[in-house]
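Chemist: Single-letter residue listing:
2 protein chains.
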Amino acid sequence: MRDLSGGLEFLSLNWATVREQWDLRQAIEGCARHGIPGIAPWREPLQAMGLAEAARLIRDHGLAVSGLCRAGMFPAADARGLQAAIDDNRRAIDEAAALGAECLVVLAGGMPPGSKDLVLARRQARDGLATILPHARAAGVPLALEPLHPMYAADRCCISTLAQANDLCDELDPDGEGGLGVAIDVYHVFWDPQLEREIARAGAAGRILAFHVCDWLVPTRDLLLDRGMMGDGVIDIRQIRGWVEAAGYAGLIEVEIFSRDWWRRAPDEVLRIVAERYRTSV
Amino acid sequence: MRDLSGGLEFLSLNWATVREQWDLRQAIEGCARHGIPGIAPWREPLQAMGLAEAARLIRDHGLAVSGLCRAGMFPAADARGLQAAIDDNRRAIDEAAALGAECLVVLAGGMPPGSKDLVLARRQARDGLATILPHARAAGVPLALEPLHPMYAADRCCISTLAQANDLCDELDPDGEGGLGVAIDVYHVFWDPQLEREIARAGAAGRILAFHVCDWLVPTRDLLLDRGMMGDGVIDIRQIRGWVEAAGYAGLIEVEIFSRDWWRRAPDEVLRIVAERYRTSV
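Sequence lines, in order, name chains C and Z.
If you're matching positions, the first sequence starts at 16 in this note's numbering and goes up one per residue.
If you're matching positions, the second sequence starts at 16 in this note's numbering and goes up one per residue.
Among the hints, a few may not be true.
Stated by the list, open to error - Once the Cα atoms are required to be at most 20 Å apart in a straight line, the calculated DMTMM-like pairs of lysine to aspartate or glutamate come out as:
hint, chain 1, residue 1, chain 2, residue 2
1, C, K131, C, D93
2, Z, K131, C, D142
3, Z, K131, C, D251
4, Z, K131, Z, D142
5, C, K131, Z, D241
6, C, K131, C, D170
7, C, K131, Z, E211
8, Z, K131, C, E211
9, Z, K131, Z, D170
10, Z, K131, Z, D93
11, C, K131, Z, D247
12, Z, K131, C, D241
13, C, K131, Z, D251
14, C, K131, C, D142
Keep in mind that the hints were calculated from the coordinates and are not lab data.
Here the structure is a predicted model, which means the values were calculated and not measured.
Build out the structure end to end from the sequences listed, making use of the hints.
Modeler: Shown next as structure tokens:
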């Protein structure tokens, strides 16, 4: 297991952690200032800044891009909606390629408004992924399928467990050709009794593309915006990191915290604490 | 599949659905007034009313008791805490027996304060269940292990899937001697891609002891107190009921809604709508 206490070599900041305080330019400059070697942009601030300019600034500061957030969101009520999702995913792949991102984070999507059919949503997500996979392979951008916590199954991501994500990878990439894998976020999966086994399975297939950390607070006061800083909650992050690294993952560790509390803090203070907790609580 | 449209024959009201408006006596009388043939008391209002008096009133009104809520909550920081949980579970079994309850609903419990060890919590829950099972069998009160939604894994119930609950039943009751089964609440399990299979598995073992309904709202604004009335959310309740009944369950259908919104409504109106939705949306 890697020793993180001595430096920030593997740390990456997901822009959403400071999304209410900083635009993408400020976040890139902030990472450089704090010695954080990686960043994970989101597409909205990326497009606001301009793709070429963002790519240049990231390169000039020597940052790695642990992932681009986010694509997917396939399920739709009709063929036009499905096609719009496919088209948008292709653009996201091109953006990730331009950034030299390690992966494009893909959320399956939830049920379209009015639907109660999770099985259909999962089928649409599978078909959408199958459709964009050749484009991703051609662009050299691996798709990182991220299972989200089951509390988001209805409206955000009908892939709720790492087992499901692994199954889908097996189905869409039966020969291990690549271009498809998983993003493992401790917040979404820590509760899962099959976690250790499924991490090993993903690793054995060479499919762990990203590792995200934050913490689960008790009590959690909001389904979306009450994630905790590493060390403030109940997730045994180190144990999960141990499983992920034992499975062969040696990439960046991305901090992604959606939190009204942390969005109220001074962003340089947030980055200072992120760096500190990365050394002590990850 | 049973036709529910013609009457309320299989309906049961979980007291918590009107817990802010009515004590247990009022809820019993309310059920009788609305032609609802079953009730599921909670232990606190039961103890406040007095066990003998509650049992008498329930009997006098001809109500069935679909379950007593709730026991379990085993994990503790020390041996004294574990023993206190065991003792309390024994009392709960005796209360359920006095009421003639179909089952005692058991939540595994979460991690004790300060702990990040879900594996230990699960082991403590298993050991606690094993300890009380003989008492439950002697009292003729089946223990209904209820998996709770993974968003409660940390602080309420470290058994998050029906697969886990089924596994635990297999482990503690390998010979199918009985006295142990599962409670299936659509709110907690609807997201689970293994649900149909695990319902069939529980049914084949004769272990479906209770079936609870409400709905998952989009958006859900609170982790605890924003459950929906059947039909107002995204759960395909009828599909799940179909699986449960195909697996052999023919018992009461219990409505359990924790909701600040519904707790603000006039309780007779709540019962009227519960009865209506039971016929149209379950």
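Chemist: Take the hints in turn and mark each one as holding or not.
Modeler: Results for each hint:
1. Restraint check for K131/C and D93/C: the C-alpha separation of about 15 Å stays at or below 20 Å, so the hint holds.
2. A C-alpha spacing of about 38 Å is found between K131/Z and D142/C, which places the hinted pair above 20 Å, so the restraint is violated.
3. Between K131/Z and D251/C the alpha-carbon distance is near 5 Å, which keeps this suggested pair within the 20 Å criterion.
4. A distance of roughly 19 Å separates the Cα atoms of K131/Z and D142/Z; the hinted pair therefore holds under the 20 Å criterion.
5. A hinted pair counts as satisfied when its Cα atoms are at most 20 Å apart, and K131/C with D241/Z qualifies at roughly 18 Å.
6. Between K131/C and D170/C the CA atoms are separated by roughly 10 Å; this keeps the pair inside 20 Å, and the hint holds.
7. For the given pair, K131/C sits about 15 Å from E211/Z by alpha-carbon distance, which is consistent with the 20 Å threshold.
8. Note on K131/Z and E211/C: the hinted pairing holds, with a Cα-Cα distance of about 15 Å set against a maximum of 20 Å.
9. Among the hinted pairs, K131/Z with D170/Z is consistent with the structure: their alpha-carbon atoms are about 10 Å apart, no more than 20 Å.
10. Of the pairs offered as hints, the one joining K131/Z and D93/Z holds, with about 15 Å between alpha carbons and a cut-off of 20 Å not exceeded.
11. Proposed proximity of K131/C and D247/Z is supported: the alpha carbons are some 11 Å apart, at most 20 Å.
12. A hinted pair counts as satisfied when its Cα atoms are at most 20 Å apart, and K131/Z with D241/C qualifies at roughly 18 Å.
13. With a C-alpha separation of about 5 Å, the suggested pair K131/C and D251/Z falls inside the 20 Å cut-off, and the hint holds.
14. Taking the CA atoms of K131/C and D142/C, the gap is near 19 Å; set against the 20 Å cutoff, the hint holds.
Against the hints set out earlier in the document, a violation occurs for number 2 only.
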